[in-house]
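Novice: Note that the protein sequences, when read in sequence, are chains S and C. The opening position of the first sequence corresponds to residue 0 in numbering that gives the first Met the number 0, with each subsequent residue numbered one higher. The opening position of the second sequence corresponds to residue 0 in numbering that gives the first Met the number 0, with each subsequent residue numbered one higher.
Simulated from the structure, these hints should not be mistaken for lab results. Cβ atoms here follow ideal geometry from the backbone N, Cα and C, with glycine treated the same way. Possibly wrong hints are sitting among the right ones.
[Unchecked claim] Here are the in silico distance ranges between beta carbons for each label pair:
1. 112(C) to 264(S): 53 to 59 Å
2. 73(C) to 480(S): 33 to 39 Å
3. 450(S) to 57(C): 53 to 59 Å
4. 56(C) to 393(S): 51 to 57 Å
5. 121(C) to 36(S): 54 to 60 Å
6. 294(S) to 20(C): 49 to 55 Å
7. 113(S) to 242(C): 53 to 59 Å
8. 191(C) to 272(S): 46 to 52 Å
9. 306(S) to 20(C): 42 to 48 Å
10. 480(S) to 242(C): 50 to 56 Å
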Amino acid sequence: MSPRARSAAPSPPRPAPASPPGRGVPGLPRVPRSGRRMAAWGFPLVFAVLGVVALDHLGVGVGGLVAGFGEVVALLARAVPPTLADPATTFAHVLDTLWMAVAGTALATVPAAVLGVLAASRIRTVRSAALGVIVACRAVPDVVFAVFFVAAIGIGPLPGVLALGLHSVGMLGKLFAEAVEQADTGVREAVAGTGAGPAQRLLGGVLPQVAPSWVAAILYRLDINFRGSVLLGAVGAGGIGLDLKTAFGFTDYREATGVALVTVAVVLLVEGVSVALRGQLLGAGGARAVPAVHATRVPWTRGRFATHLAGWGALALAAVAFWRVGASPAALADAAAGSVRALGDFFPPDFAPVAGLLGGGLLETAAIALGATFLGTLAGVPLGLAAARAVAPNDGVRLGARTVLVGLRSIPDLLLVLVFVAAFGLMDGPVAGTLALAVFTAALVAKLVADDAEELRSGPREAVLSAGAGPVQELTVAVLGQLTPRLTAITLYALDVNLRAFFILGIVGAGELGYALSQHIRALNHDVVTAIVLPVFVLVLAVEAVSARLRSVLR
Amino acid sequence: MTGGLPVVETRGLVKTFGDDVHACASIDLTVRQGEIVALLGPSGSGKSTLLRHLNGLTRPDSGDIRVLGVDVVTAKGAALRALRRRVGVVFQQFNLVGRLTVMENVLNGALGRVRGPRYGIVTWPKSVRVEAFEHLDRVGLADRAYQRAGSLSGGQQQRVAIARALLQRPELVLADEPVASLDPETAASVMDLLVRVCREDGLTMVCTLHQIELALQWTRRVVGLRRGEVRLDEPTGALDAVRLRGLYLSDPVTVP
Ligand SMILES: Nc1ncnc2c1ncn2[C@@H]1O[C@H](COP(=O)(O)OP(=O)(O)O)[C@@H](O)[C@H]1O
Ligand SMILES: [Mg+2]
């Protein structure tokens, strides 16, 4: 980005200078070139070209796509009717997985709250330090943390919980900090104006304001962590993920379907509860009439009762979860000591066994992520628009799109990868991985697009309609015109997610580098594992840096 | 002017934002015990900035500020908090936490005199709760104590904010456009309440207003600001609306 382009981005529109004679059409000011405009046009172009090149590199063609989905359908045909060999065990494992998610989320909450408040501090060094920790937790995928903790303290739910917890600190800390930053400064000043001290200001002026969004973030994370804990099962944390992987390993597809259906049902259940509770919290809050009370004794209104029930209930749930996963203080102390020891196993990285592999492997990883993001965005954007109330032509279309969206989203990423790899075989791992991630991306993009489209201001649409525009014009000008910056951000985010998904592909051994990763995890060659993870990690960070830059230009 | 002790004294108060926004250009102002003063002036004339200096929410570039005998410019930490406790503030936007109950919002006014953080009504001592309730009664909202503050009308919310300020047991009240967000009728009743409690309790008040009529009706002394300077400082009786309009006329050189 040239300094000129950068300075042009945030400046308000200047009055267009009269064009000098002989340059441009007289009287028609030229559209000023700016970094913003270049990025807005350049990004989709570059992205589409890269996407096509990546798909070509991987050997994903239209014919292959059709054939591939044919194989998936054939596989699914062999997977019905579903069976459950041992329903009691399956349900027990689902419950284990659920407790793991609850414990991991609860474990993350306290450090995330502290970091979130510090990250919103006005003192620069404090803020940067807290942000640094938050970014680091977010950057390392939970699977990587899980491999590390399994090496440190052995298999079982506790390493999964620690991995989920540590990784969640990243997202929760960031969301918490954002909420604090958005808190009304007027209220904070009012509380400061009463002579309150720092802790009082925090509890009196900030916490009451951020409480709903903090709790919403925790619920959202719980939902994500349940999906995550399914995945962690496959690397030794136990639970339902292990059952899934085992069933696929024995090519017992009917059993796999049974386990998958139970998993999806619970995912939907957890998401439903989380969405409902978040809606309650963030909704208008219901100005339900409170009977006039003329006393200093606080009345037990429905709202107060619900708040107490939810608060104490959550604490009790977390306590049970800690007990179920064995996260006692002693165990946590042991884990800390074990982690320090394990660091020696993982560092320094041993590049020798994978030196010949890294270059091609990284290129393949990047190609998978790019191709999957490209295909997924192509499918996800229309799906998301169709699912948005503000855009969908009628309720039928909207409900149909919503159903597809929710259905796709409820499939754990591990399951998608397992299905596609089973259909294509490990030899075709990169293609299988790309397609699995493309489906996953479509669901992710569609959800984000739908959420954004719901929030579109109706003003511009009405203005365009009043000008006599047709439906297509309305879509391009009013809808896409407003959504373009968000679409870029969403695409970049999906790309980022897909690069990290390398680690999931690694668990099942799809792709050259992923296969190597799974072999070395199994062989406990931890220093080689680091040698594979580190370069991918650098790639992820590079993409993140580029996308942060692009987003700030487009804002 | 009455001969009470000075409660607010600023000397040569200068505050500049950026390079060329002179929000306060050497302001000298003395307000004595029990006075009720209107700060009048067009939008951007520096009223809020001046007010925010008086409880240390904004720091001056230069000049002296003494409030209730405390040097606000050098006060920080516990000393500044002790001063803020003695100064109640009422804001244009009420600044209540909408999702908390009215009672919880009022109780925040007592934060300066209890130790340790509080969350929820039951964490407050009974005596403070009783006192808060009395103030709510005084502003006419006792029966709304356990309703969400955000569900009240604007006028009611400002009354809650006044109750919160009163629970501080303040000696000085600073009100920044307390009625600018309210319709004329509600504005009159809120101004009436504010002026009445100050008179009854012998509190000193500095109140910024941008409407001439309100200033003339409710206060005894008007300080007129324009571009960060005091252009006029007189008892209300000596003023009329025509002279005050001069504050609002545009200058030959308009500010961009
Ligand atoms: N925090 C700030 N940063 C930059 N400029 C400010 C800030 N606060 C006030 N100003 C500027 O100082 C001038 C006076 O503002 P203010 O005191 O709010 O005026 P009033 O309350 O009389 O409308 C205005 O030009 C305003 O834009
Ligand atoms: Mg103002």
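Novice: Please test the hint of 33 to 39 Å on the beta carbon pair from residue 73(C) and residue 480(S).
Specialist: The hint (33 to 39 Å, Cβ to Cβ) is violated, given that residue 73(C) and residue 480(S) are roughly 54 Å apart.
Novice: Given a hinted range of 51 to 57 Å, is it respected by the beta-carbon distance of residue 56(C) and residue 393(S)?
Specialist: Holds - the Cβ-Cβ distance for residue 56(C) and residue 393(S), about 53 Å, lies within 51 to 57 Å.
Novice: Take the C-beta atom of residue 113(S) and the C-beta atom of residue 242(C), compute their distance, and say whether it sits inside 53 to 59 Å.
Specialist: holds (57 Å)
Novice: Could you check the hint for me, namely that residue 480(S) and residue 242(C) are 50 to 56 Å apart, CB to CB?
Specialist: holds (52 Å)
Novice: Does the Cβ distance between residue 294(S) and residue 20(C) fall inside 49 to 55 Å?
Specialist: holds (50 Å)
Novice: A range of 53 to 59 Å was offered for this pair. Does it hold for the Cβ distance of residue 450(S) and residue 57(C)?
Specialist: violated (39 Å)
Novice: Range hint 53 to 59 Å: satisfied by the CB atoms of residue 112(C) and residue 264(S)?
Specialist: holds (55 Å)
Novice: Assuming the hint says 46 to 52 Å, is it satisfied by the Cβ distance from residue 191(C) to residue 272(S) or not?
Specialist: holds (50 Å)
Novice: Lying within 54 to 60 Å: is that true of the beta-carbon distance residue 121(C) to residue 36(S)?
Specialist: Taking Cβ atoms as reference, residue 121(C) and residue 36(S) lie about 57 Å apart, which means the hint holds.
Novice: Range hint 42 to 48 Å: satisfied by the CB atoms of residue 306(S) and residue 20(C)?
Specialist: holds (45 Å)
The structure shown violates the earlier hints numbered 2, 3.
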